[in-house]
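Novice: One-letter residues, chain by chain:
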Amino acid sequence: MKLVPPDQGMLYYIIENKRPDLAKKIKQTGIIETVVVGLGGQGTRHAELMQQYGTTITAGIAPGRGGTRLLETIPVYDTISECLKEHPNIAVASIWRHYSTAKDATIDVIEADIPVVILISEGIPLKDVRDILVAARKHKTVLIGGNTPGVIFPPEGIKAGMLPDVFYPEEVSPEAFGPKGVTIISRSGAILYHLSDALASVGIAQNAVIGVGGDGAIGSTFRDLVPLAMAYKNTDLVVVAGEIGGCQEELLADDIKKNPKKYPKPLVALISGAHAPEGKTMGHAGAIVSPGQVYGTFQSKKTALQNAGVPVVNSQYDLITEVQKRLVKKTYFDVENYYKKMKTIWDAPFKKPGWGTLVTKVMPNNLMISGYSLQDIVEKKGFLETAYLLVKGEFPDKKILEEMRKIAVDAAQRPIPKVTRMKNEDISKTLVKYFVLDEELAKFPEAGTEGAVKKTIFCLGRVARYLSGILDTEKALERSSGNEPFSHVIYRAVTGNPTVNEQQSRMIEAMIVACVDHGVTPPSAQATLIAASTRAPFEVAVAQGVGAITDVHGGAGAKAAALFNECIRKSEKENIDIAQATREIMRTYVEEGKRIEGLGHRLHTKDPRRDVLWALSAQTGVAGEHVQLSKIVSTIFEQVRGMSLPINVDGVIGAIVADMKLDPSMAKAFFIYGRIAGLSAHYFEEVASQPRMRQINFTEAVYKGKGPRSIP
Amino acid sequence: MKLYEYEAKKVFQTMGIPTPKQYGVIHSPNELDAIPMEFPVMLKSMVLVGGRGKAGGIKKAKNREEAKRIATELFKLVIKGFPVECILLEEVVEEAGACYIGITMDPATFNNVVIVSASGGVDIEQVAVEKPEAIIKRELPDNAKELSKNLTRELAAFLAAQLKNKKDITGSLADIIAQVYATYQRFDARLCEINPLIITPTGAVAADAKLVLDDNALFRQVELLEMLGITEKRHDVAERTKNELRAQSAGFPYIDLLPETFTKDPKKLYVGLIPGGAGYGIFSIDEVATIGNRYFHDRVVPVNFMDSGGGPPQNRVAEMFHLLMDYPVVDLIVTSRFGGISSCDIFIRGMVQAVKERYESGKRMVPIYGRMVGTDLPSARTFLERAKLENPEALRYVTIYVGNQRIMADVIREGIQKALESKGWKP
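The listed protein sequences derive, respectively, from chains A and B. Under our numbering, the first sequence has 430 at position 430, and the numbering climbs by one with no breaks. Under our numbering, the second sequence has 292 at position 292, and the numbering climbs by one with no breaks.
Just chain B, with the same shape it has in the complex:
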């Protein structure tokens, strides 16, 4: 979970990392009037995405009038899909030099890495490519709680040597590096970064702050979240669609592959997916696309990603089917249940529940094509057979293969073929 800059800075303050003075955070230009501040002032758009500066999201104002004008403009801004909803008002710091300090986990070795560079304030990736000698990277294979004094001294000396400050700032830089690392470890961060750390005549100040928390550890960071006033998990995605919000409240991962406002191409078949776990959720999109491309002249469009694995309860399974059947784009639902952790039985009960409810209340029905194998299969099969006998009309367009005689690619292909035929199209 990403924190906003002003939140990250609050955390830094508690850890003794110097930050510029914050005058306040506003959610509308009018709130600006009530905030006492010294000019000039920085107005920083708070969005959970990088590249704010380049996108014009960070501005300096000389006086209150200008500040208000800039704020009004910033609130109209959408940066990489993220609308600006709040602005941080901050003291302007005098710059005598800038550097970079970042801690994260190496995705290759899973060790913590400390990265420092005397080229602060610019894209660190760019520095890594263009001026690798300006960067020191240290990998820490022991997951220690704190950095060793030797290491912080070494890194600080490297920075101080390049910054060529009049005053010796090695000591204070070493402290900051140690505290950035301590912040990273103590608050279960995935990334803790200062870019730039500005060297002012009076000392170093974190002009920007980036803190990404480990979602898996949020449960034990209650005090931190309380301090920041965060009550529910924040989603680091731009804007979510209606379907995505609905799936989120029902408790399963879902992503629309098509834009929210969208006109169906009448020549194409749109396939919704209830595919099992996340891995097959991704793979089944590829399968549908490939099969459509290879056998049906590219007339097949997968519409969603869904993770329906992990043993969802019956009502949630029903909601998966409801969601896709309520989604007017969907022409066909392809489903696969491979019961390992999850039970075929609960899955099939959820599916039948949804189809029956829709049939009885006259809601839109979409044909279902799929297959199930694995845990609890015998009882699932018995249940489905009985349900088909008892509700032949409601379950007329439900085809579920039991067992693995047909591989899923064949089931998808056959489902698409049948769906196209029923529309009177020749494949």
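Bound conformation, chain A alone:
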């Protein structure tokens, strides 16, 4: 169904009345932006429900949680003023803070001149409410609540608060909703649904439903809101739902008598409490505020309103009758059709809760980091830019990139803890040792808006240094001027060569970038995420991911390199062609039941990283026999085994490493190195956007980041 555009609904009308300039901006954007203040369990949960209903939630406010994200995608700020710097068009605030802290949060929002403030918080001390009211009067804020269930505007599909999505708007065609209907204004939340139900059962739509709030002092009362609703052109009738206690109904009746022009449309009042036991009234002073007048009882309200010409009802049946009478049996939609639609909502199967990541979208034969395809990134971007993209969702500009390079190069210059590597120790284990012992890395700050990405970059610099420690190439590293590209630093660490070979350096960096991320499901990412959910320190969480990169996961490159090497040596030794040698070796492997590594992938039939690496190996001139073999190995395997398994990224990297005459274990080192950038990104995303100690169902993750885009 097509909704009514926001700038034609009642909420817009209210905003336009209070802040014409803001209304103009809303007209341009076509969006009414809402901020959620207070992100405890309730606020977070209802933020999601509001968003699902259609409310545009632009930001969240929670002190101490600035820089994190609400519902994985919505930025969170410490204060409303910081928030408005980024999102100046916010027009609605819904406040969910605890009653003990609601006052300051609400006054901040009011003083920031947000025109519509929905105060959900319940049980705020009256003295605090009075302070809030003083501020709201001064800033001409439309303050609804406290203790309101909220407001909902069904034609526009916008709500702020906790009202369920049951209120139904006018239908102007089978495809489109219209803005007209009855506005319900109520003191109670629970009763609202029953009024809506009663009216819908005879085809009467609601164009707005407002809960005024149940606390002892509230921002807007019937006397404020009924005239406002009636002034909106698409409201045909107003229903007020009052109850015993207080004096709102009597004051409304009084105002109707005094200012009838403010009440040009039909009004029906439902008052509940006719059969309630008489409540205890408060002390004397309260009662003499309106001398000689009794208020607060069912009878006082009924009499006052009837004397002002307002029909008063006390049951669903009578409400239907009175409203129908005043609307002359007008209907706004087909009732059977409405029930059918409601039934589809009720019958909808239970929606599995998904959770979101903005980092990498993993699809068969396609990997996209923040919307950019990984093969394009490998081709056009360096490691630091890619790491920056992973953490921040955008590439850095030149200036920032230079800042990042300095951080990384500086990190690579600093000494590393002494670590000994046992014979045949998996390189991932050696790296874990460095991670947990490295105080430089632990000390590097990660707070602040740029903390996450800076720490990631610093970490990548440290890993270059760890590698030089493992490969005993520290001398080559120390000869770096500090002004060279970071890829040169990596080259020095990996090769131990004090003179940088530009082509080889480029190739190494490309292989590393090809491995940066594969979403949240690889075991390494899972390990890091679980650690992150417990808020383990960065280096511990990343080390856990690194530790999970074993021969089983991520170790295929080194084995593939060894296999290719073996095949080529055999062909040289026996003077047979490489294909023949490979066939023979594979047959032996198959007979011995050994795995042939570098082939097959659980998702990709054509690994997206394959062609770009092959092309680069040709461009940089490093491609040799091994790369050649890697291009035909899949066909040979099919000839031997009778089944098709495509070469994967590990196989390609293994071949290139072998052609570059690097230690085969470097294939795995590159994989780990690249993946550390991805693990960092997942770590910081988890910390910023998810509750602590959550139960992570990895297969339920949904990519919620940027759509496809190309690198300019």
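Fair warning: there could be bad hints in the mix.
Covered stretches of chain A (chain B as the covering partner; in silico rule of three or more C-beta atoms under 8 Å from a C-beta of chain B) [stated by the list, open to error]: (1) 9-18; (2) 31-41; (3) 131-140; (4) 182-190; (5) 703-712.
Computed footprint of chain A on chain B; a stretch qualifies when at least three of its residues, placed anywhere within it, have a C-beta under 8 Å from a C-beta of chain A [said to hold, decoys possible]: (6) 108-121; (7) 184-194; (8) 216-226; (9) 276-282; (10) 297-309.
Just so you know, these hints were derived from the structure itself, not from any lab. Quick caveat: nothing in here was measured; it's all calculated off a predicted structure. All C-beta atoms, glycine included, are put in the ideal place defined by N, C-alpha and C.
Given chain A, put chain B in place with the hints provided.
Specialist: Just chain B, lined up with the frame of chain A:
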């Protein structure tokens, strides 16, 4: 939360508002012997309700013997449903004039109002009607922490002019007005009142003190409550029924509509309500009464108010059903769950839990008729369907409509009709 007079006076003392000398507070006539005092003495019944004087709850005693006799009588008194449980023994003050000072929040504008009147010691409402010129009312739209000097002077001068005291008491009256307001603001009061403030030859004294605290702010008035020795929230209601006490300890608002001792009319159907939030809690009483009156010859009696909204946990939901099923009066339970803040799922689990427990332990079962719509409905529905398959006997008399095809009034009407039919009555 209302404070007793002697407690309010303690607060006044800390704020520098003069009060008569308190000799002590007793809980039985015998305690009187140990208290040193000068006679004559005032004996004041401490109850949390107005009109004590008229009800004979305040007496003067000339000597200890008379005091003891009066105390014994006062302890037998029940004032507007409140039994006298303690008595304040206080100095008698010599009266040369009396006035009224009160601060509260205007229920129409939510501003603080200061009210003073030179006609103290009488019903202030009566003064407002009969002699409005004797009252000054000032509304304070800024919620200031303190009253301005100008205003306190103005109000004090008004009082002093009418009291026509020999000595100029404007200054001390202004101080008291300022302190009453400061007390009101500092202790998060809903009402702070002195009636009467007695003008003695030596100065003004608060002969009575009324202080009602804002329940919402009790959490931050720890020091005050500690000073008064109040450890738990006081309920300003007369005497609570067994059901009400049980609901209170389970953590949900509940009020019996019928007297505690009560004989069922065998011709009538008694309906218990588990209706959702407070608003529908009130409205559903009306609905049941109206429907009974209109369609069932006034033979239907709603028995309770309950606020079952706000997302109660499963065990509390179960307790709501247990309470009404343990209440022998109830013939039918009508329930409505409109899950906004609260989840239909948790609600239905709580209901099924209670019904199963009762069925398995052979406790009294009452038919349930109701409806649920809103948050978590699909899972709630799945759960209920499975529960009905697994426990067909236990859930035999549970009818819950899912969705809003039937409005609640129709569900109530149908439930009552079925319940009456099952009793063999023709509607």
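Novice: Do at least three Cβ atoms from the region 297-309 of chain B come closer than 8 Å to Cβ atoms of chain A?
Specialist: holds (count 3)
Novice: Please count how many residues of the region 184-194 of chain B have a CB within 8 Å of a CB from chain A and say whether that reaches 3.
Specialist: holds (count 5)
Novice: Between the region 216-226 of chain B and chain A, see if three or more residues pass the 8 Å beta-carbon test, and mark the coverage as holds or violated.
Specialist: Per the Cβ count (4), the hint holds.
Novice: Do at least three Cβ atoms from the region 31-41 of chain A come closer than 8 Å to Cβ atoms of chain B?
Specialist: violated (count 0)
Novice: Taking 8 Å as the Cβ threshold, is the statement that the region 276-282 of chain B is covered by chain A upheld or broken by the three-residue rule?
Specialist: holds (count 7)
Novice: Please verify the coverage claim for the region 131-140 of chain A: does it have three or more residues whose C-beta sits within 8 Å of some C-beta in chain B?
Specialist: Answer holds; 4 residues pass the 8 Å Cβ test.
Novice: Taking a Cβ-to-Cβ distance below 8 Å as contact, does the region 9-18 of chain A have at least three residues touching chain B?
Specialist: violated (count 0)
Novice: When I compare C-beta atoms, does the region 182-190 of chain A have three or more residues closer than 8 Å to chain B?
Specialist: With 5 residues in contact (Cβ-Cβ under 8 Å with chain B), the coverage given for the region 182-190 of chain A holds.
Novice: With a C-beta cutoff of 8 Å, work out whether three or more residues of the region 108-121 of chain B approach chain A closely enough for the coverage to hold.
Specialist: holds (count 6)
Novice: Would you check chain B against the region 703-712 of chain A, counting CB to CB pairs closer than 8 Å, and say if three or more residues qualify?
Specialist: violated (count 0)
Going down the numbered hints, you'll see the structure goes against 1, 2 and 5, while the others check out.
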